[in-house]
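K.L.:
Here is what each chain is made of, one letter per residue.
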Amino acid sequence: MVRQKVVIKNSSGLHARPSAALVKLASSFRSNFYIHMYGYKVNGKSILGVMTLAADQGAELEFEFEGEDEREAMKSVVELVETKFGMHDE
Amino acid sequence: MMSQSVVFSAITGNDGVAIGVACVLPTKNRAIPPSTISKEEVNHHVDSFRRARSLLSEEISDIAQAVADTSTVDILAAQDQILQDPEIEESVIAYVKGAKYSARYAIYLTFCEVMERMRESGSEMLIQRIVDLEDIRDRLVVLASEEEQEQLSVNGFILVAREISPTDLVTYYEGGIKGLVLEKGGITSHAAIIARSLQIPCLVGVKGVTAYVEQGSTLVMDGPEGKLIANPGKDILREYERHIEHRRQEKKRRRAAIKAPSQTMDGVPFKLLANLEFEEEVGEVASVQAEGIGLLRTEGLLFKGERNRNETIQTNFYRSILSSIKGICVIRLFDIGGDKLRDKRFEEANPFLGWRGVRLLLDEKELLHAQLRAIVRVSAEFPERVRLLIPMVTVPQEVVAIKDELQVITTELANEGIHLKAPVPVGVMIEVPSVALQASLFGKHADFFSFGTNDLTQYTLAADRGNERVCQLYQLLDPSVFKLIHIAIEGAKQTQTPLCVCGEVAGDPIGAAVLVGLGINELSMVPVSVPKVKEMLISYSHAQLQHLAREVLTVATAAEVKTLFHSLKNTKNGTN
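Taken in sequence, the protein lines are chains L and H. In this text, residue positions in the first sequence follow the numbering used here: the first is 4, and each later residue adds one. In this text, residue positions in the second sequence follow the numbering used here: the first is 1410, and each later residue adds one.
Because the hints were derived from the structure by calculation, they are not lab data. Please note that the accuracy of each hint is not assured.
Simulated coverage check for chain H against chain L, where a stretch passes if three residues somewhere in it have a Cβ under 8 Å from a Cβ of chain L [to be verified]:
#, stretch
1, 1479 to 1490
2, 1495 to 1503
3, 1526 to 1535
A quick note: this is a predicted structure, and the numbers were derived from the prediction, not measured. We treat Cβ as the ideally placed atom computed from N, Cα and C, and that holds for glycine.
Construct all of the structure, not just a fragment, from the sequences and the given hints.
P.N.:
As structure tokens, this is what we get:
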């Protein structure tokens, strides 16, 4: 199991499109994926779960991957968040 | 929900009595009542959920491929992601396996819970997504219910629905349904017409039926009385069983009339033909000894999708019908409105006064040409047996335009080596009052006339036959329509153009009696009506029917027409 803290950087937060991108990427890995935020834990492969977090800009999350490709998965997903989901900030 | 006996009043779409188990089709946006299943059904319901999910996912990606706009594609992608959400799957399966809920209820409950959580969150972004979830929920529930029922099989069931498309009805018919009960519609709604043609008992305009009748409850359909009984008591059930046996005997007796020559008691011949839409009915045409097909509806080809507009598929369809029947076959050109051809966006405020029939065909040349080519091809194969009928004619120029197109196609096919022995006779449908009033002007261009009395009645009385609020104004036997027919007959005499009636009224014994009395000697009707119409016509003299027709032209209501007929019947019985 690997865990890593991340901060949401894009101005609109984890809204519809970034959530979709995050879930899509995470679902391409076999490992289980959970997101912890302020004591909540949601399934990171569930679009409804991720959306209900309603994480704004500056929110601190902790990612947890568990499974055979956990390191690779963590690296890719963190990179997605760091690069602001490949979106130009609107 | 309900187990006591309840009687609903209904409009009889197709006469008949049936006893069976209700199969209620789900309606969108309806609260799904809790329903549980047995341990043995768990796997089937898990599969139903999964199949429904992949069907909906396919549907979404089909739409996504058809649209170009990226924000729509994004929305669709988000919908698909919600659909594939592992939390949803986990919850649905837990409800099916744990609580033994049916797939449709487990789906309904799961989505409702998620929506509730989103509503409570107070987040604007989440609240906006609730609509999406609701939409996915309803579509998934409908699909899952269909999947559940497929396993159940509809064989022997009485289908209960709000309304039904012609394609779905044919599919359920092939699945073996025993009867059809619809919440909406009137006697001449499409579903009722098809039910008559497929010979399944049908009740329409049964208000509240989908909300009250429980899946799997026993139903009695009473066509002659126009009622539906849910959960009948034992005595009532037994009474209906006897009744069904009685009708079976009666039907057998009628079949005997089939063999008699088609002429009135004083030897005036008449011709009874069959209306047909589906290949499945062709066997019935021969068994009632109809002398041909007076109306072949071709719209079924279009309901079945794009591919069936293709010339080869049409040719095969016409060929298969012509080779299984004797006599002539009158092929009516596609009689549809714009919404059937394109999609819902082509819906008009007044479709029955809009772009339909020949009006549409003359604008849609590709569709028209494929059909004309198929018709000319089969005419070459079956000389002198194929006729063409133009629907929704309003002015003579439309007839001239179709004949010009037909000429071009005939020459085109002759160049391809397909030669006609004689030109295809072209008939004009009289369904718009303008044609009935000016028949002699149309007779110059037409080889024959065919009365489409369903539309003629609707246009004369300005009442939508499918609208249950006004359909009581729409009376099959309204004397005003007979008067229009009488005027058209007089007009057609001037050009000696032959006439036929292919509307519902021809299949009604009273209607048929009046029509023959007015001077029509070719009637086309659903195959099942042929024996009863023949049994009636051969038991009167032509003079009696003429007398009846003359009197019909003097009265004001359909009820009076019926009274006139019954008094004729009584005199006959009195003198015999």
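K.L.:
The structure should be examined with respect to each hint, and the outcome stated for every one.
P.N.:
Structure-based check of each hint:
no., hint, in the structure
1, 1479 to 1490, "holds (count 4)"
2, 1495 to 1503, "holds (count 3)"
3, 1526 to 1535, "holds (count 6)"
Going down the numbered hints, you'll see the structure goes against none, and every one checks out.
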